[in-house]
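Guided by the hints, dock chains B and C onto chain A, whose structure is given.
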Amino acid sequence: MKIILTAVDVVYNWARSNSLWPLTFATSCCGIEMISTSAASFDIARFGAEVFRASPRQSDLMITAGTITHKMAPAMLQLYEQMPEPKYVIAMGACCVTGGMYENDSYSVVRGVDRIIPVDVYLPGCPPRPEALLDAIIKLQKKMKTESLMERREFLEAHKPKVTYSDDRSCEVLLPNPEIEVIHWGVQKTGYDKNAEVSNV
Amino acid sequence: MSESSIAIDQKYGVKFLDRTSDNIEVVQVKPDMLVETVTYLKMNKDTQFDVLYSVSGVDKDGCFEVVYHLFSTIFSKNLVLKVIITKNCPDVPSLTGVYSAADWHERETYDLFGINFLNHPNPERLLLPNDWKGHPLRKDYVNDDERLSWNAR
Amino acid sequence: MSKLKENIIQKDMLINVGPQHPSTHGVLRLIINLEGEIIRDTKPVIGYLHRGKEKLAESRSYTQYLPMVDRVDYLSGFFYQAAFCYAVESITGLKVPRRAEYIRLITMELNRIASHLLWLGSFLLDLGATSPLFYVFREREDILKLLEELTGQRMMYNYYTFGGVKKEIPEGWIAKVLGLCKGMPKYFDEYEAIITKNPILLERTKGIGVMTPELGVDYAVTGPNIRASGVNYDLRKSNMYSVYSEIDFNTCLEESGDSYDRYVVRIAEMRESVKIIEKALAQLPGGIPEKLRVKRVNCGCKKEECQYCGFDTQLTGKKINPAVFKPPVGESVVSIEAPRGIATCYVVSDGTNKPYRVKWRTPSYSSVQILPELIKNRPYSDLMPIFGSLDVVLPEVDR
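Residue numbers (this note's numbering), protein chains in the order written: chain A, 709 to 909; chain B, 949 to 1101; chain C, 8 to 406.
So here's chain A without its partners, still in its complex pose (with noise of 0.2 Å):
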């Protein structure tokens, strides 16, 4: 698919890019730089990101902040699969870049967030200063200007993960459509019984 840049798309970028609502995703540190970006000093409304969805349904970009854990991998994979299309994936600070710190002998972290999700533009520092991450959102700005949706969706489809259920399927989190397989992962047992659930569905 050759590269056609249309006015149309020309238009379309332009909109879309400057006014991305980034999800709250805040886990760590990185969290903290995260907020101080949207404070008083260095201030993200300038650049259109001001509007923090907490719902994942309605924001369009994802700047994961903070450690990724292994505990804490299958819900950044539900919340990133919730995300409507097209969305983007920020990677800040070196835990999520790499697993930074953590990297060497860690039991319990995820080596790099982009070995679960595709990343579009990489962060490092730890925690960056806020204007590093400012500087993100322009790279990324610049990288939506010139893409057109179908080169983003090829995007997308090579990088859908492809996981199994497991035979044991006792989690109260509700799956957002039983065709898409879910990755098995340690969930919860609190004695839910899923069949007394199932009628309020």
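It should be emphasised that the hints constitute simulated quantities derived from the structure, not laboratory data. Note that the Cβ used here is the ideal one computed from N, Cα and C, for glycine as well. There could be a bad hint or two in this list.
[What the hints assert, rightly or not] Looking from chain C toward chain A, a few residues come up when the C-beta cut is under 7 Å (computed):
{"#": "1", "residue": "Pro26"}
{"#": "2", "residue": "Pro29"}
{"#": "3", "residue": "Val34"}
{"#": "4", "residue": "Gly54"}
{"#": "5", "residue": "His57"}
{"#": "6", "residue": "Gly59"}
{"#": "7", "residue": "Phe141"}
{"#": "8", "residue": "Phe144"}
{"#": "9", "residue": "Glu148"}
[Unchecked claim] Once the Cα atoms are required to be at most 25 Å apart in a straight line, the calculated BS3-like pairs of lysine-lysine come out as:
{"#": "10", "chain 1": "B", "residue 1": "Lys1025", "chain 2": "C", "residue 2": "Lys244"}
{"#": "11", "chain 1": "B", "residue 1": "Lys1025", "chain 2": "C", "residue 2": "Lys102"}
{"#": "12", "chain 1": "B", "residue 1": "Lys1087", "chain 2": "C", "residue 2": "Lys361"}
{"#": "13", "chain 1": "B", "residue 1": "Lys1030", "chain 2": "C", "residue 2": "Lys60"}
{"#": "14", "chain 1": "C", "residue 1": "Lys173", "chain 2": "C", "residue 2": "Lys60"}
{"#": "15", "chain 1": "C", "residue 1": "Lys361", "chain 2": "C", "residue 2": "Lys102"}
{"#": "16", "chain 1": "C", "residue 1": "Lys298", "chain 2": "C", "residue 2": "Lys325"}
{"#": "17", "chain 1": "C", "residue 1": "Lys244", "chain 2": "B", "residue 2": "Lys993"}
{"#": "18", "chain 1": "B", "residue 1": "Lys990", "chain 2": "C", "residue 2": "Lys244"}
{"#": "19", "chain 1": "C", "residue 1": "Lys325", "chain 2": "C", "residue 2": "Lys102"}
{"#": "20", "chain 1": "C", "residue 1": "Lys302", "chain 2": "C", "residue 2": "Lys325"}
{"#": "21", "chain 1": "C", "residue 1": "Lys361", "chain 2": "B", "residue 2": "Lys1008"}
{"#": "22", "chain 1": "C", "residue 1": "Lys361", "chain 2": "B", "residue 2": "Lys1030"}
{"#": "23", "chain 1": "B", "residue 1": "Lys1081", "chain 2": "C", "residue 2": "Lys60"}
{"#": "24", "chain 1": "C", "residue 1": "Lys173", "chain 2": "C", "residue 2": "Lys333"}
{"#": "25", "chain 1": "B", "residue 1": "Lys1008", "chain 2": "C", "residue 2": "Lys333"}
{"#": "26", "chain 1": "C", "residue 1": "Lys60", "chain 2": "B", "residue 2": "Lys1008"}
{"#": "27", "chain 1": "C", "residue 1": "Lys333", "chain 2": "C", "residue 2": "Lys60"}
{"#": "28", "chain 1": "C", "residue 1": "Lys333", "chain 2": "B", "residue 2": "Lys1087"}
{"#": "29", "chain 1": "B", "residue 1": "Lys1030", "chain 2": "B", "residue 2": "Lys978"}
{"#": "30", "chain 1": "C", "residue 1": "Lys60", "chain 2": "B", "residue 2": "Lys1087"}
{"#": "31", "chain 1": "B", "residue 1": "Lys1035", "chain 2": "C", "residue 2": "Lys60"}
{"#": "32", "chain 1": "C", "residue 1": "Lys361", "chain 2": "B", "residue 2": "Lys1035"}
{"#": "33", "chain 1": "B", "residue 1": "Lys978", "chain 2": "B", "residue 2": "Lys1035"}
{"#": "34", "chain 1": "C", "residue 1": "Lys286", "chain 2": "C", "residue 2": "Lys102"}
{"#": "35", "chain 1": "C", "residue 1": "Lys102", "chain 2": "C", "residue 2": "Lys309"}
{"#": "36", "chain 1": "C", "residue 1": "Lys189", "chain 2": "C", "residue 2": "Lys286"}
{"#": "37", "chain 1": "B", "residue 1": "Lys1081", "chain 2": "C", "residue 2": "Lys50"}
{"#": "38", "chain 1": "C", "residue 1": "Lys282", "chain 2": "C", "residue 2": "Lys193"}
{"#": "39", "chain 1": "C", "residue 1": "Lys282", "chain 2": "C", "residue 2": "Lys183"}
{"#": "40", "chain 1": "C", "residue 1": "Lys174", "chain 2": "C", "residue 2": "Lys333"}
Showing chains B and C alone in chain A's frame:
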């Protein structure tokens, strides 16, 4: 107990070990007398240790040590209790009846070391996912969880 | 668990306040059993940020572990560094010069103010008021600029070392801190003018989440949370680590133990911290670094007790060589009064250059543990005032 400044009744069979570097006393207690000793330390008006602020495990050569840190808000004194158990049978009675704070600390010690606390109301893993295999803070821990495959390219 | 099952079949609802939520405290998951709008039972699930800090200590040397200590609680990095440094110094028998102790105290109190400011912003953001967040970050950026000038980093300072601090205070820094301290009470008055008598805040927090002293002490809750219930438990007064014995300040206590009192205690603590910093700067051994340098050159005597060249005006006691730093066999427990409560570091050393066991006991652990007790039988809208006023930071809980 001549070196200890805290008068614990002889019938509890408590052994005085030594002092930490900051002059806090370390006292060894037998596992089966643990609950009575701690109740005595909490209720007796000369000692009144009303805060249990930490329960941790140490994996020493050949044995496990469960270390309890007690503090008294009335006298501003610290005390360290140790219970030494074997690796084959790591069972210690639980202190949740005496201090409610012991609940999560004991769950975490079970999670990371595999030490069983008898009569604990909710002995589940706390920090790691429920189906994690192994106890990470033991010295002979080898990480062979299936989630490691996520770290391979 | 079977009680939960029969509740589900009747009329109760099990909802999941998931690991990702718009509050800024971190990744905590609460599984709440609701009957209508009243919370009947809560089960907190933690561990979403468990990075294994205690295990990582066993494969790194003492100085290699120091940068990782900041990240246990990133909002109060100096306190955790202090706990670890005091523990290792106590095992090794290193003495810390008084100038370094004063610098440690000043930086710790600045960090306390910054941490309480962030708590204030996020507490009110959870309640729905978005403007205090911007006010608060204005001050926090000033403090972080000062600390960046001193240490080079905005949040993870890595400034203390075994035996003292790493670098001398830069020129003009003390004047800037004094200027900030002079302006701070005015800013606190600004916040109090829009927050303290606000009718919405009073309705939502007065009488909500009352923690009796017995319940708090039983769950080992420490810090401003227990001082708001009337228990006078402040390690800066009772334990007097560092040089707190030479500085005079008041402990802030309130009586009723509800969420409003926890707010009042923290504002009062911020004001006390400003006074502590001013007093400590007046008493700094050696004074301003430019003058100290000049006097040292003029004096040149190199005696121990000398006021300008002696031990007390150095920055580190004995310069340790990180490659061969081996504490003797022993163990040590050190508790520090962090902004959220009492943080304890338990270090076991076996004579090699790597620690044998490091255990962190963090104050937010007890706060999350007591949360189910405090929100039992309250409407769902009381969850955020209670949880916000407890000042929980999740990386501390999970380590």
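Results for each hint:
1. Pro26: Because about 5 Å separates proline 26 (chain C) from the closest Cβ in chain A, which is inside the 7 Å limit, the hint holds.
2. Pro29: 4 Å, holds
3. Val34: 5 Å, holds
4. Gly54: This interface hint holds because 5 Å falls under the 7 Å limit.
5. His57: Histidine 57 (chain C) check passes; min Cβ-Cβ to chain A is 6 Å, inside 7 Å.
6. Gly59: 5 Å, holds
7. Phe141: With a minimum Cβ separation of about 5 Å from chain A (threshold 7 Å), the hint on phenylalanine 141 (chain C) holds.
8. Phe144: 4 Å, holds
9. Glu148: Holds - the Cβ of glutamate 148 (chain C) comes within 7 Å of chain A, reaching about 5 Å at its closest.
10. B:Lys1025 to C:Lys244: Holds, because 13 Å separates the two Cα atoms, which is no more than 25 Å.
11. B:Lys1025 to C:Lys102: 23 Å, holds
12. B:Lys1087 to C:Lys361: 14 Å, holds
13. B:Lys1030 to C:Lys60: 23 Å, holds
14. C:Lys173 to C:Lys60: 24 Å, holds
15. C:Lys361 to C:Lys102: 21 Å, holds
16. C:Lys298 to C:Lys325: Holds, at about 23 Å.
17. C:Lys244 to B:Lys993: Cα-Cα ~23 Å, so holds.
18. B:Lys990 to C:Lys244: This hinted pair holds, its Cα atoms lying about 23 Å apart.
19. C:Lys325 to C:Lys102: This hinted pair holds, its Cα atoms lying about 8 Å apart.
20. C:Lys302 to C:Lys325: 22 Å, holds
21. C:Lys361 to B:Lys1008: 15 Å, holds
22. C:Lys361 to B:Lys1030: Between lysine 361 (chain C) and lysine 1030 (chain B) the Cα gap is close to 23 Å, so the pair holds against 25 Å.
23. B:Lys1081 to C:Lys60: 19 Å, holds
24. C:Lys173 to C:Lys333: 19 Å, holds
25. B:Lys1008 to C:Lys333: Satisfied, since the Cα-Cα distance of roughly 19 Å is no more than 25 Å.
26. C:Lys60 to B:Lys1008: It holds: about 19 Å lies between the C-alpha atoms, which stays within 25 Å.
27. C:Lys333 to C:Lys60: Since the Cα atoms of lysine 333 (chain C) and lysine 60 (chain C) sit roughly 21 Å apart, the hinted pair holds (cutoff 25 Å).
28. C:Lys333 to B:Lys1087: The given pair, whose Cα atoms are some 20 Å apart, holds under the 25 Å limit.
29. B:Lys1030 to B:Lys978: 9 Å, holds
30. C:Lys60 to B:Lys1087: 15 Å, holds
31. B:Lys1035 to C:Lys60: 24 Å, holds
32. C:Lys361 to B:Lys1035: 24 Å, holds
33. B:Lys978 to B:Lys1035: With Cα atoms ~15 Å apart, lysine 978 (chain B) and lysine 1035 (chain B) stay inside 25 Å; holds.
34. C:Lys286 to C:Lys102: 23 Å, holds
35. C:Lys102 to C:Lys309: Holds, at about 18 Å.
36. C:Lys189 to C:Lys286: 12 Å, holds
37. B:Lys1081 to C:Lys50: Holds - the C-alpha atoms of lysine 50 (chain C) and lysine 1081 (chain B) are around 23 Å apart, at most 25 Å.
38. C:Lys282 to C:Lys193: Holds, at roughly 13 Å.
39. C:Lys282 to C:Lys183: Judged against 25 Å, a Cα distance of about 15 Å means the pair holds.
40. C:Lys174 to C:Lys333: At roughly 23 Å apart (the allowed maximum being 25 Å), lysine 333 (chain C) and lysine 174 (chain C) satisfy the hint.
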